[in-house]
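Please work from the sequences and hints to get the whole structure.
So you can see what is in the structure, the chains are spelled out below.
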Amino acid sequence: MNNKTLAYILAILTILALVAFVVMRQVDGFSIQSFSPYRRLITTGIKNTIILSVVSLLGSLVLGFVFYLFSISKVKYLNAITDVFTEIIYGTPLLVLVVITAFLIGPAFGTFNRNAMGYLALIMYMTPYMKNVYQSAFSSISRDQYMTMDLFGFTPYQRYRYIIISQVIRILMPPMMNNFSLIIKGSALLNVLSYNEIYYAVRVAQSQTFAFVEGYILMWGLYLIITIPLSQLTKWIERKWAL
Amino acid sequence: MKIELVGVKHTYDVEVLKDLNLILDGYHSVAIIGVSGSGKSTLIRLMSGLEKPTNGLIRVNSFHVDSEDYRKKIGFVFQNHNLFPHLTLKKNISLILEKTRGIEKAEAESIALKYLAMLHLEDQVNKLPKNVSGGQAQRASIARALSVNPDIIFLDEPTSSLDPILTHEVLTAVEELKGLGKDFIFVTHVMSFVRDFADYVIFMDQGEIVEMGDPSILDHPKSDALKAFISKVR
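Heads up: the protein sequence lines correspond to chains Z and A, in order.
Note that my numbering gives residue 248 to position 243 of the first sequence, counting from 1, and the numbers run on in steps of one.
Note that my numbering gives residue 144 to position 142 of the second sequence, counting from 1, and the numbers run on in steps of one.
Since the hints were derived computationally from the structure, they do not count as laboratory data.
There are no misleading hints in this set.
Derived pair list, reagent style BS3-like, types lysine-lysine, alpha-carbon separation capped at 30 Å:
#, chain 1, residue 1, chain 2, residue 2
1, A, Lys93, Z, Lys245
2, Z, Lys81, A, Lys11
3, A, Lys75, A, Lys11
4, A, Lys229, A, Lys4
5, A, Lys101, Z, Lys245
6, Z, Lys79, A, Lys20
7, A, Lys4, A, Lys180
8, Z, Lys79, A, Lys101
9, A, Lys132, Z, Lys9
10, A, Lys234, A, Lys11
Chain Z regions said to be covered by chain A (calculated; three or more residues, Cβ under 8 Å):
#, segment
11, 151-159
12, 163-170
Don't be surprised by glycine CBs; every beta carbon is placed ideally from N, CA and C.
Dropping the structure here:
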């Protein structure tokens, strides 16, 4: 076992010791098992959180790329639209955006599907952050490389497919993972639309078991179960694609 | 080859080329020399079509240099090798042949190997650019320029980032290419290479062509600028 593994084991043990300490100091016992009758509701919540997060990730990856292209476009209007949109999103709490998208923007365009609008809100919210990820990653490709691609006559598709993406994926992954965990955590706010994701499901169960604190502990565990394997996966992809 | 410059001006923030006019015909290896900032690198980029002049017209072998047909007939070697860092030396060449020239993969690879061997890199073909020396990377870049079978090869200070030993290694490799029947246009500070390899020399100073002629102008400079330049680089 090398030093690094040992350090990680120690770090995890430290956190577990802290958790054990906090648990033992509690006067009342825990009754997580009181949630077991609601297993199906909560499982659906987990499934929906994952679906919502993956769809939002893919949506914001695509829209973020479009906005990245806008931001480097020679058309000034497109640059301006990107800037204005980014500023507005930066200053908007996700909760506000979800409510406005579902209750005002959706109906204005004739859509009363609140869940779909909730998805859209999350996608819009993440778009500027994804745009930034692309910006920093693509700026790592030197001007000389673009000149070389010009010289040999690469098409735009060939540039991205063979030269740019394979180099930037390594730089792209860590901030992308950051954004993905923002999405997963942000998805909890769709409970205001009564969308059955983890937060909503556990809250419903809580209202019947009255196990208030336990519900939050359960929620915490469920989010960690999703995010930790994901970040490990990201690290693996990074290593696999490293130069 | 035939080179025509008509009223060529170029401006970045300041005017870097001031109204160049030139017709050259029948030379095969043209050197452009001058101090840093004299406009020589700009001129070679314009002649290769990598950049467009602010004003004026450039034709090489009767092609407008911004035409697609012209671009297919040239190779360019940059100051820094500009190899794609994530591809092996072989792949740096074969990918271009495969994707931009529509050559079958197997053939593209055999062409890549042929030119890498010509530049004495047969043992390095599967290495990434970061794992070979600067001189080897620059030679791979020359192999890449040759691989598209160009009529003219441009070299823009190909040894400026190399130490004297690697410089010698790269320039010797270029000299060996003389028999290929290609034309060369190059910028360099290495005067011994100019004397050995060039059949025509253009000396630039402050955005203008001050002297030009066969390499003997280096031994009998007329202008003060060339005299000063020769005395410093010799």
